Amino acid sequence: MIRKTFEHEIQQVKDEVLLLGSMVEHAIIASVDVLKKRDIKGAERIIAEDAEINKKRFAIENQLMILIATQQPMAHDLRLLASTMEIISELERMGDYAKGIASINIRMGEETLLKPLIDIPRMAQIGADMLHRSLTAFVKEDVEAAKMIPAEDDEVDALYNQIYHELMLFIIQDPRSIERANWLLWVAHNLERVADRVTNICERTIFIATGEMSEIKDTKEEIGKQ
Amino acid sequence: MENIQTPEIAIETKNLFIFYGSFAAVSEVNMKIEKQKVTAIIGPSGCGKSTLIRAFNRMNDFVPSSYVTGEILLQGQNLYGRDIDPVEVRRKIGMVFQKPNPFPKSIYENIAWGANINGFKGNMDELVEQSLRGAALWDEVKDKLKKSAYELSGGQQQRLCIARTIAIQPEIILMDEPASALDPISTLRIEELMQELKKNYTIIIVTHNMQQAARVSDYTAMMMLEKDGSRSGTVIEFSETKKIFTNPKDKRTEDYVTGRFG
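Keeping their order, the protein sequence lines are chains B and G.
Going by our numbering, the first sequence opens with residue 603, and the numbers climb by one from there.
Going by our numbering, the second sequence opens with residue 1168, and the numbers climb by one from there.
Read the hints as simulated data drawn from the structure, not as lab findings.
Quick caveat: nothing in here was measured; it's all calculated off a predicted structure.
All C-beta atoms in this analysis are idealised placements derived from N, C-alpha and C, irrespective of residue type, glycine included.
In silico negatives: residues of chain B with every beta carbon more than 12 Å from chain G:
| id | residue |
| --- | --- |
| 1 | S624 |
| 2 | G644 |
| 3 | G711 |
| 4 | A760 |
| 5 | N784 |
Simulated crosslink set (BS3-like; lysine-lysine; CA at most 25 Å straight-line):
| id | chain 1 | residue 1 | chain 2 | residue 2 |
| --- | --- | --- | --- | --- |
| 6 | B | K657 | B | K616 |
| 7 | B | K742 | G | K1410 |
| 8 | G | K1394 | G | K1181 |
| 9 | G | K1416 | B | K606 |
| 10 | B | K606 | G | K1418 |
| 11 | B | K616 | G | K1418 |
| 12 | B | K643 | B | K657 |
To give an idea of the interface, some chain B residues facing chain G are shown, with a C-beta separation under 8 Å as derived from the structure:
| id | residue |
| --- | --- |
| 13 | I604 |
| 14 | R605 |
| 15 | G813 |
The task is simple: from the sequences and hints, build the whole structure.
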């Protein structure tokens, strides 16, 4: 192997991306968990931890810039470094969704939850799980896995629709519940976006491995068009 | 109906083999080189890059025992055809070498000489100025045209050689590692100049410097020794430069451009 140093530095970047991914994964699960418990301190902690996620993202970005400037990556290496730049930005945004959920928790103040959370933690769990596996696929450049994972977004979308209709019923039955319903709607919306961004990560993984840049079909949009 | 433009071909090789005695240094090259584009030839040492580029203006004729089979077509005419005068070929296809090689004469004479030999009858002062401007050298030398070319820096000498080449209005300019003996600034000047030159000329450049190929060329040909152990070089991939450096098709090209060859 001629470019041992470069290979080693690429591996370090990948390790850092995995670390960033696990921070985001944890934030998503925790944000819903503390919401379920109406734990305001916990929500504040999540917001503070988001600053760490942002810092980590900048650090990786810097590492990538230095590699591009000093190693003149070409072909596969170039696709990997450029795509990693995209992936860390997706991760950072996913962290923002968790932070958003924590903010809602704080803004709810003394209010109680409109309903016990069942589908929302399920959405968080699926989203975090998809994220975890999408990053494993990224590190291994597993094209097959990267092609399969986005389909699971359908389940998240179905849960989102279910929550949406359920909350609408609450509002219709008692319009005073509109604010409490809205909070949960925003939480679900944030979780739905998490799964969408996993699809973007998978698209980048396919591009790194094959050089083909294409959008993975979004079944939801197709339905919308009908 | 829409006018579909097919790219104009400056020079084409058909089933080209280049031999030194019984040894085929270059095998089976089929390339269509587009007009007014920069085409780079890259590949590891000893893969036949220089041999190939020298075949384009019959410089290999000077090597005893060298001969070619197949064809190199300039506007449909085989450069190795029976009735072709190699001197005429070299007038149409100029060459710039690795080391600047100005004549031991004045800057002015360096340019006028080739034009004189080729029977230039026009205004020589104008031709000299035009050529020096074309090579982005005029402003630096206009006040010392009678000075010896050896007083110029390496980068300036190389641009003088380019001026000398364009003075005879060739169709194609071959460049064999034109910047490898120059400092980084002079190198960038030559690269910038190539972008100007391609507005009027077709350029084929051999370079060891992959970043240079990536910067200056529109098309890149990747050369490599044949896998059969014959030590014969061939073009394994020829494509748009942006494809070669972002998503090459051949694993060997990938290994070479990412620095993992060897």
